[in-house]
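Colleague: Sequence:
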Amino acid sequence: MGAGHAHGHAHGGGHAHAHATPDSDRRWLAGALAVIVAFMLGEVIVGIAAGSLALLSDAAHMLTDAASIVLALWAIRLAARPAAGRMTFGWKRVEILSAQANGLTLLLLSAWLAYEAVRRLLFPPEVAGTLVLITALVGVVVNLAATWMISRANRTSLNVEGAYQHILTDMFAFIATAVAGVVIVTTGFVRADAIATLVVVALMVKAGVGLVRASSRIFLEAAPADLDPTAIGQAMAARDGVVEVHDLHIWEITSGSPALSAHVLVEPGRDCHAVRLDLAHWLEHDHHIEHATLQVDHAQPEVIALGADIAAHCEDAHGPAHRNPHVVGH
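Under our numbering, residues 182 to 511 are what the sequence shown spells out, in order.
Just so you know, the hints here were simulated from the structure itself, not pulled from any lab data.
None of the values given here were measured: they were computed from a predicted structure.
By construction, the Cβ of each residue, glycine as well, lies at the ideal position given by its N, Cα and C atoms.
The reader is advised that the hints may include incorrect statements.
To be verified - Pair ranges (Cβ atoms, derived):
| # | residue 1 | residue 2 | range |
| --- | --- | --- | --- |
| 1 | Gly-232 | Trp-293 | 16 to 22 Å |
| 2 | Ser-397 | His-507 | 36 to 42 Å |
| 3 | Arg-267 | Gly-223 | 45 to 51 Å |
| 4 | Ala-211 | Trp-463 | 37 to 43 Å |
Using the sequences and the hints given, assemble the complete structure.
Modeller: Below, the structure is given as structure tokens:
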């Protein structure tokens, strides 16, 4: 009987920067936070003076932007702690808690803004269109700068992506608000302010649902979207020397850090350690799974000869058994 594991840091995805580190992520996030807080304070003052819900909604959204960045910074700091004591994986999942919190705040804020926007569609107040337009145009520039800063951080982290989605939806919100300001100035149609708010709401719901769904998948130990457990199990079973793979589990420790465990049955007489090393190398090279724990045993002759049920070897196996069609039953 043999058991072993291979682990390390997962490879980044398409949004990652090769030079991105927790320290550089913190610098980019802190820069975006400073820009956002400064503009948010000015926007609250102008929004109250102009009587614009769209501006106040943008300011409220920017408050959640600032909070999301503060939360992301705290999560990065906590996640950097080494594994110790009962925290055998360290504090890496704090980043997923941060991402889920960002998604939920987007959804809760969008519900309140939707209610206010509908109320203003029915009973539109006076809105100073010129102030709305000027502030929104400045907001587009500010959010472009903040979005660029956060895009320089490692967006394969769901934590950083949560903060990024907050800022990105806010930038689109300012564009919608600027359009509303033009409409109010040129036509006097004050309901454009509430309509712009509803556009913001739609963007916030889309981003919020995406973050909550992605973070929930990690909390529920689901396999990452780009890794198919069935396909991987079948491919593992087809490797040289393997008879069967069962108890296969694939999950994410945190975003971008997939992990796998499995029970592997090997042909009698084959070197269990060599088969395990081959599987670990294949998982890392083909699927970027560097944290793999494999229990490897020799298969009983009757399993190979008759294709016996896996219960003969492992009575509490979870999930389907993947068998090598060129070995079992022949």
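Colleague: For each hint, tell me whether it holds in the structure or not.
Modeller: The hints, checked one at a time:
1. A C-beta distance of roughly 18 Å is found between Gly-232 and Trp-293, which places it inside the suggested range of 16 to 22 Å.
2. Between Ser-397 and His-507 the Cβ separation comes to about 39 Å, which falls inside the hinted range of 36 to 42 Å.
3. Checked against the hint of 45 to 51 Å, the C-beta distance between Arg-267 and Gly-223 comes to roughly 46 Å, which is consistent with it.
4. The beta-carbon spacing between Ala-211 and Trp-463, approximately 41 Å, falls within the hinted interval of 37 to 43 Å.
Hint check: no violations occur; every hint is consistent with the structure.
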